[in-house]
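When you get a sec, could you build the whole thing from the sequences and use the hints?
2 protein chains.
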Amino acid sequence: MGRCVLLFLLLGFLMSGVAIPLPPALRALSNVRLSTSFTSLPSGDMEHSIRYVQQKVDHFGFKTDRTFKQRYLIADKHWKRDGGSILFYTGNEGDIVWICNNTGFMWDVAEELKAMLVFAEHRYYGKSLPFGANSFKDSKHMNFLTSEQALADFAQLIKHLKRTNPGADNQPVIAVGGSYGGMLAAWLRMKYPHVVVGALAASAPIWQFEDIVPCGVFMKIVTTDFRKNDPDCSESIRRSWDAINRFSRTGAGLRWLSEALQLCTPLTNSQDVQHLKDWISETWVNLAVVDYPYEANFLQPLPAWPVKEACQYLKNPGVSDTQLLQNIFQALNVYYNYSGQAICLNMSETSTSSMGHLSWSYQACTEMVVPFCTNGFDDMFEPHTWDLKKFSDDCFNLWGVKPRPSWITTMYGGKNINSHTNIIFSNGDLDPWSGGGVTKNITDTLVAITIREAAHHLDLRANNAFDPMSVQLARSLEVKYMKQWIRDFYSSLRKKH
Amino acid sequence: MGRCVLLFLLLGFLMSGVAIPLPPALRALSNVRLSTSFTSLPSGDMEHSIRYVQQKVDHFGFKTDRTFKQRYLIADKHWKRDGGSILFYTGNEGDIVWICNNTGFMWDVAEELKAMLVFAEHRYYGKSLPFGANSFKDSKHMNFLTSEQALADFAQLIKHLKRTNPGADNQPVIAVGGSYGGMLAAWLRMKYPHVVVGALAASAPIWQFEDIVPCGVFMKIVTTDFRKNDPDCSESIRRSWDAINRFSRTGAGLRWLSEALQLCTPLTNSQDVQHLKDWISETWVNLAVVDYPYEANFLQPLPAWPVKEACQYLKNPGVSDTQLLQNIFQALNVYYNYSGQAICLNMSETSTSSMGHLSWSYQACTEMVVPFCTNGFDDMFEPHTWDLKKFSDDCFNLWGVKPRPSWITTMYGGKNINSHTNIIFSNGDLDPWSGGGVTKNITDTLVAITIREAAHHLDLRANNAFDPMSVQLARSLEVKYMKQWIRDFYSSLRKKH
Numbered sequence: 206m207g208r209c210v211l212l213f214l215l216l217g218f219l220m221s222g223v224a225i226p227l228p229p230a231l232r233a234l235s236n237v238r239l240s241t242s243f244t245s246l247p248s249g250d251m252e253h254s255i256r257y258v259q260q261k262v263d264h265f266g267f268k269t270d271r272t273f274k275q276r277y278l279i280a281d282k283h284w285k286r287d288g289g290s291i292l293f294y295t296g297n298e299g300d301i302v303w304i305c306n307n308t309g310f311m312w313d314v315a316e317e318l319k320a321m322l323v324f325a326e327h328r329y330y331g332k333s334l335p336f337g338a339n340s341f342k343d344s345k346h347m348n349f350l351t352s353e354q355a356l357a358d359f360a361q362l363i364k365h366l367k368r369t370n371p372g373a374d375n376q377p378v379i380a381v382g383g384s385y386g387g388m389l390a391a392w393l394r395m396k397y398p399h400v401v402v403g404a405l406a407a408s409a410p411i412w413q414f415e416d417i418v419p420c421g422v423f424m425k426i427v428t429t430d431f432r433k434n435d436p437d438c439s440e441s442i443r444r445s446w447d448a449i450n451r452f453s454r455t456g457a458g459l460r461w462l463s464e465a466l467q468l469c470t471p472l473t474n475s476q477d478v479q480h481l482k483d484w485i486s487e488t489w490v491n492l493a494v495v496d497y498p499y500e501a502n503f504l505q506p507l508p509a510w511p512v513k514e515a516c517q518y519l520k521n522p523g524v525s526d527t528q529l530l531q532n533i534f535q536a537l538n539v540y541y542n543y544s545g546q547a548i549c550l551n552m553s554e555t556s557t558s559s560m561g562h563l564s565w566s567y568q569a570c571t572e573m574v575v576p577f578c579t580n581g582f583d584d585m586f587e588p589h590t591w592d593l594k595k596f597s598d599d600c601f602n603l604w605g606v607k608p609r610p611s612w613i614t615t616m617y618g619g620k621n622i623n624s625h626t627n628i629i630f631s632n633g634d635l636d637p638w639s640g641g642g643v644t645k646n647i648t649d650t651l652v653a654i655t656i657r658e659a660a661h662h663l664d665l666r667a668n669n670a671f672d673p674m675s676v677q678l679a680r681s682l683e684v685k686y687m688k689q690w691i692r693d694f695y696s697s698l699r700k701k702h
Numbered sequence: 206m207g208r209c210v211l212l213f214l215l216l217g218f219l220m221s222g223v224a225i226p227l228p229p230a231l232r233a234l235s236n237v238r239l240s241t242s243f244t245s246l247p248s249g250d251m252e253h254s255i256r257y258v259q260q261k262v263d264h265f266g267f268k269t270d271r272t273f274k275q276r277y278l279i280a281d282k283h284w285k286r287d288g289g290s291i292l293f294y295t296g297n298e299g300d301i302v303w304i305c306n307n308t309g310f311m312w313d314v315a316e317e318l319k320a321m322l323v324f325a326e327h328r329y330y331g332k333s334l335p336f337g338a339n340s341f342k343d344s345k346h347m348n349f350l351t352s353e354q355a356l357a358d359f360a361q362l363i364k365h366l367k368r369t370n371p372g373a374d375n376q377p378v379i380a381v382g383g384s385y386g387g388m389l390a391a392w393l394r395m396k397y398p399h400v401v402v403g404a405l406a407a408s409a410p411i412w413q414f415e416d417i418v419p420c421g422v423f424m425k426i427v428t429t430d431f432r433k434n435d436p437d438c439s440e441s442i443r444r445s446w447d448a449i450n451r452f453s454r455t456g457a458g459l460r461w462l463s464e465a466l467q468l469c470t471p472l473t474n475s476q477d478v479q480h481l482k483d484w485i486s487e488t489w490v491n492l493a494v495v496d497y498p499y500e501a502n503f504l505q506p507l508p509a510w511p512v513k514e515a516c517q518y519l520k521n522p523g524v525s526d527t528q529l530l531q532n533i534f535q536a537l538n539v540y541y542n543y544s545g546q547a548i549c550l551n552m553s554e555t556s557t558s559s560m561g562h563l564s565w566s567y568q569a570c571t572e573m574v575v576p577f578c579t580n581g582f583d584d585m586f587e588p589h590t591w592d593l594k595k596f597s598d599d600c601f602n603l604w605g606v607k608p609r610p611s612w613i614t615t616m617y618g619g620k621n622i623n624s625h626t627n628i629i630f631s632n633g634d635l636d637p638w639s640g641g642g643v644t645k646n647i648t649d650t651l652v653a654i655t656i657r658e659a660a661h662h663l664d665l666r667a668n669n670a671f672d673p674m675s676v677q678l679a680r681s682l683e684v685k686y687m688k689q690w691i692r693d694f695y696s697s698l699r700k701k702h
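Those protein sequence lines, which keep their order, are chains A and B. Residue 411 in the numbering used here is what sits at position 206 of the first sequence, and the numbering runs on without skipping anything. Residue 480 in the numbering used here is what sits at position 275 of the second sequence, and the numbering runs on without skipping anything.
Bear in mind the hints are in silico, worked out from the structure with no lab data behind them. Treat the hints with care, as some may be off.
The list makes no distinction among identical chains, and a pair is therefore deemed to hold if it is satisfied within one copy or across any two copies.
SDA-like, lysine to any residue: derived pairs with alpha carbons at most 20 Å apart [unchecked claim]:
{"#": "1", "residue 1": "Lys268", "residue 2": "Asp343"}
{"#": "2", "residue 1": "Lys345", "residue 2": "Thr272"}
{"#": "3", "residue 1": "Lys700", "residue 2": "Phe273"}
{"#": "4", "residue 1": "Lys268", "residue 2": "Ser344"}
{"#": "5", "residue 1": "Lys345", "residue 2": "Arg271"}
{"#": "6", "residue 1": "Lys332", "residue 2": "Asp583"}
{"#": "7", "residue 1": "Lys345", "residue 2": "Asp263"}
{"#": "8", "residue 1": "Lys268", "residue 2": "Phe336"}
{"#": "9", "residue 1": "Lys520", "residue 2": "Gly309"}
{"#": "10", "residue 1": "Lys645", "residue 2": "Ser697"}
{"#": "11", "residue 1": "Lys364", "residue 2": "Arg454"}
{"#": "12", "residue 1": "Lys364", "residue 2": "Pro588"}
{"#": "13", "residue 1": "Lys268", "residue 2": "Lys345"}
{"#": "14", "residue 1": "Lys367", "residue 2": "Ile255"}
The following block contains the structure:
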């Protein structure tokens, strides 16, 4: 029952007009029927075992000694006890099986690195629930959902792996992660350099906090992705908001909109209209985030270069409001109905389709405070300032917690991270999250790889015939660095003996 | 009332025969009337302001947003806004005024480094109590007493200092600490390298955990200190335990012992005898820890080279039991009655004289699990194995918490810390805690300084005419490294602009 209340609140929150800053991957996950991809298991070469490890619910306090079972996947087909390595995926805001299925890179390089593959599920996601079904009940039960606790889980799990897998003890571990998982990979290396020898942080917007980067950078890149396809495309979207607003003034207009966009639930009031605009905005965001060069179903079945597909319907911003919104509907259909099976478009799926959403909204309301804003000039969206006060009040109403927007910078250093070593920050230039990422080398061992024509952590996906050369090069560079870390590890091990 | 119960339990705990591993400094603090030194303020050149900063009670959870006032001392007489630096003492298990008074080194080098001096009090010590008088009430209130929370306090305080002291923003901060404070200084650099450019970790036994060093190393060094003065001295002490045991067999023997040792409270049973032996053991430990080359009152007034002073009464191990124990009494008097004012010796002061003791016993029962043991061969004490099970049970009875003996190693890396930079580990060769310290260079920037003829963090004390050359050299080497860190900081700052 507690959960129903929360979901209701969450919906109310979204509908209040303040967009919850969604998680890197989950911003792309909105409106997606996750159930299918979550249940599909890797097959053939992606064979793995599912295991569990006992973790303290609270690594940082001793009042309770309660534990929970953290799930992880392990694959050792190519692992060599002699001279091998361990690639450790630092799980982010989703079911780890789904993440594993979308991280083909690790499977592709396992043989070359003689690597054991481990995918660790993040607490409060998937099946790794500290209090079972009660985990999302209230702020008391959510209290142990922080990046620090997650990193401690990872450190403990790696210790456990080394203890329980003969031969693993004297092997280098490399953290790999994408999106929020990429942040965790980088932070794991920063905070536990004795546990992992290096990290591949793919599409990790570690600087998308406080005012390190402008709050508008994300939506500006989304806009650029559309404009690059066709300036008329982004302009069509820019004009669509006012068209919606004009239709929304009357009941007849609302009815027309509901029918033209084939919404499952008709619009009835101004809150619904705000929700509609948030939902459409997020669709454009999602398309930009997963603008992959081949047909893919990271989120749901989508054509190759889906932004281009959508933009083919948006070539003429100068048409009438009616025509413009019919065109918008066609473009939305690229995202919501590539399969051709949808009977209507369901705006409410945005925030109810995944448990991950719920946990992330808590994280966004506490530590992971990512400021977003738009101004309508540099981007194609309606202007929206970042209002921390309102955000904080909404979070308090939703979860009974107050965000601490500067904590992540205090904890993880913000821009001042140059004393760390062995982290690869990779970013696709199409990825809206690259705006908060590290896109220039900081030192010789804190390196940035920018991948042209690539969306959100394309480099972590499996090799594909349609991959641009840029991502192939990026992956081989990543492997080169990893091999160097592994060599360094073994050479310093030899020195010790 | 809660506190009384706890004190009683604590006493019971000590009397159960399991010595609570005392904190580095507090092991030396036992049996000491702290009230005098705690209230004496620095004068003259040690002038400072007392300030407070609001800190979250829980940096790692959002259920509560409660704050408390952390006390810190600040002195800026020699601070230069132009090209200056900030020396930040990472407070350990005691009142920060007392710590400040015993860290003359920072005052002595302030002018040379153009440094602002800051002494931050550790939460749950001195006046920095998260729940005021209720702070020690139970495991619920103690739950936020961890090294991680303390480090987060320090990081937040440094941010606060930079925000509130114009000119401080672009200055390098160097962490300084002794004993547990030395561990915190090192750990602050390891975990928050963006906050401090380097650390002087004086007498910091960061390896006195799990089985990184043998559990007997501490008492072995204590023994060596006595034996080096005179092998007959350590032999006298070794034989004294059996002498006590023989007297303890009868009521008449107990009465004789109580009178011969001028105990304030007569011994009545075997528990009392165990307490007596623990208390005497700790006295020898304390003498070794503060075996300074000049009259000092770090703990209480003591003569120069107090181990030697004590040993002058213990030159003949071959005397009768009666004579041996009378000699022991004379030696104890060096520690307890240098002033000549004591009417009787009070064994119960060990654990009741300082609030710090209480908080440390909690820390020792949770994170700071320091294994101690003796075997009677390599040391001069009765054999005592390290019994984690019993220790854990006692901790649970005392505080309702269970120790996590391997957590500190997971968190801070144990021996595997070579990826960090800019930490000086200094150790005196007389200091029993040096057994768990870093006494060999790890890399060019993780350096060890071993100080001959020096006890527990002698280098942090003020210059003294009786200082051995070794500690003078150590201090100038420490300053040399600090200046290098400061230069590096400013040169990288210039590169940025």
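Which numbered hints does this structure break? 3, 6, 9, 11, 12
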